[in-house]
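Peer 1: Keeping their order, the protein sequence lines are chains A and B. Counting in our numbering, the first sequence runs without a single skipped number right up to 112 at its last residue. Counting in our numbering, the second sequence runs without a single skipped number right up to 224 at its last residue.
Honestly, the hints are just simulated from the structure, not real lab data. Hints are not guaranteed to be accurate.
Said to hold, decoys possible - Result set (BS3-like, lysine-lysine): computed pairs, CA atoms no more than 30 Å apart in a straight line:
(1) Lys9/A to Lys161/B
(2) Lys180/B to Lys161/B
(3) Lys70/A to Lys57/A
(4) Lys71/A to Lys9/A
(5) Lys173/B to Lys9/A
(6) Lys14/A to Lys83/A
(7) Lys70/A to Lys83/A
(8) Lys161/B to Lys71/A
(9) Lys57/A to Lys83/A
(10) Lys57/A to Lys9/A
(11) Lys173/B to Lys57/A
(12) Lys9/A to Lys83/A
Claimed, not checked - Among chain A residues calculated to face chain B with C-beta under 7 Å, some are:
(13) Leu43
(14) Tyr48
(15) Phe55
(16) Pro75
(17) Gly104
(18) Gln105
(19) Gly106
Please read these numbers as outputs of a predicted model, since none were measured by experiment. Just so it is clear, CB atoms sit at the ideal spot from N, CA and C, and this is done for glycine as well.
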Amino acid sequence: DGGITQSPKYLFRKEGQNVTLSCEQNLNHDAMYWYRQDPGQGLRLIYYSQIVNDFQKGDIAEGYSVSREKKESFPLTVTSAQKNPTAFYLCATEDRGSTEAFFGQGTRLTVV
Amino acid sequence: AQSVTQPDIHITVSEGASLELRCNYSYGATPYLFWYVQSPGQGLQLLLKYFSGDTLVQGIKGFEAEFKRSQSSFNLRKPSVHWSDAAEYFCAGGTSYGKLTFGQGTILTVHP
Numbered sequence: 001d002g003g004i005t006q007s008p009k010y011l012f013r014k015e016g017q018n019v020t021l022s023c024e025q026n027l028n029h030d031a032m033y034w035y036r037q038d039p040g041q042g043l044r045l046i047y048y049s050q051i052v053n054d055f056q057k058g059d060i061a062e063g064y065s066v067s068r069e070k071k072e073s074f075p076l077t078v079t080s081a082q083k084n085p086t087a088f089y090l091c092a093t094e095d096r097g098s099t100e101a102f103f104g105q106g107t108r109l110t111v112v
Numbered sequence: 113a114q115s116v117t118q119p120d121i122h123i124t125v126s127e128g129a130s131l132e133l134r135c136n137y138s139y140g141a142t143p144y145l146f147w148y149v150q151s152p153g154q155g156l157q158l159l160l161k162y163f164s165g166d167t168l169v170q171g172i173k174g175f176e177a178e179f180k181r182s183q184s185s186f187n188l189r190k191p192s193v194h195w196s197d198a199a200e201y202f203c204a205g206g207t208s209y210g211k212l213t214f215g216q217g218t219i220l221t222v223h224p
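Produce the entire structure from the sequences given, and follow the hints as far as they go.
Peer 2: This is the structure in structure tokens:
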């Protein structure tokens, strides 16, 4: 089955802990993105990567980190420096030249 | 700065009625434009996209959108709404291979 897999679907974290959200794709797409979604604010870009071993900050990168060691994987770490991490996180991929983004089903992170 | 604005946070229509969701963009050049739909707790699904050419774009599920350069708009329309269309709709814009800018979203409620 081709697609984008985000795991887990629901994640709970205690304040002060780092947590890593997984995003895996088998679409062979070059670019991968992480968005954060909050009610009434649409989607905001956290980080993106257009090629393996390279990534760029988006609009709200503070308190987050990523890696892109493999084309298929783009994990997002929410660090303790992120002051308000409770949100819905969406991973997306894009094939070079298509300008069409494909989205995973999201991970809802709650800080308790 | 590039921006996409959806003026309506919430719209309610009766089943069978027509629908128009508004989207305005602000870019230096004509962007690529997209409409996505999101069901609660799910990822985003692409409804349609505009790159160039014919300003009336047909999408899936009976949706269409019209690009109007003079009004910097890309409004989404459907002639007859079904109860299953209830969801949140996002307009997005981009200028090249890469990150998208999303509007704040419009929640559509459909009354029987």
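Peer 1: If a hint holds in the structure, say so; if it does not, say that too.
Peer 2: Results of checking the hints against the structure:
1. Lys9/A to Lys161/B: Holds: Lys9/A and Lys161/B sit about 28 Å apart, inside 30 Å.
2. Lys180/B to Lys161/B: holds, 14 Å
3. Lys70/A to Lys57/A: The given pair, whose Cα atoms are some 18 Å apart, holds under the 30 Å limit.
4. Lys71/A to Lys9/A: holds, 22 Å
5. Lys173/B to Lys9/A: OK: Lys173/B and Lys9/A at ~27 Å, within 30 Å.
6. Lys14/A to Lys83/A: Holds. Lys14/A to Lys83/A sits at ~12 Å (cutoff 30 Å).
7. Lys70/A to Lys83/A: OK: Lys70/A and Lys83/A at ~29 Å, within 30 Å.
8. Lys161/B to Lys71/A: holds, 26 Å
9. Lys57/A to Lys83/A: holds, 18 Å
10. Lys57/A to Lys9/A: holds, 24 Å
11. Lys173/B to Lys57/A: violated, 35 Å
12. Lys9/A to Lys83/A: Distance of about 21 Å is within 30 Å: holds.
13. Leu43: Since chain B brings a Cβ to about 4 Å from Leu43/A, closer than 7 Å, the hint holds.
14. Tyr48: Holds: closest Cβ of chain B sits about 6 Å from Tyr48/A, inside 7 Å.
15. Phe55: Status violated, d = 12 Å.
16. Pro75: Since chain B brings no Cβ nearer than about 17 Å to Pro75/A, farther than 7 Å, the hint is violated.
17. Gly104: Gly104/A check passes; min Cβ-Cβ to chain B is 5 Å, inside 7 Å.
18. Gln105: Given a least distance of 5 Å, the restraint on Gln105/A holds.
19. Gly106: holds, 5 Å
Checked against the numbered hints above, the structure breaks hints 11, 15, 16 and satisfies the rest.
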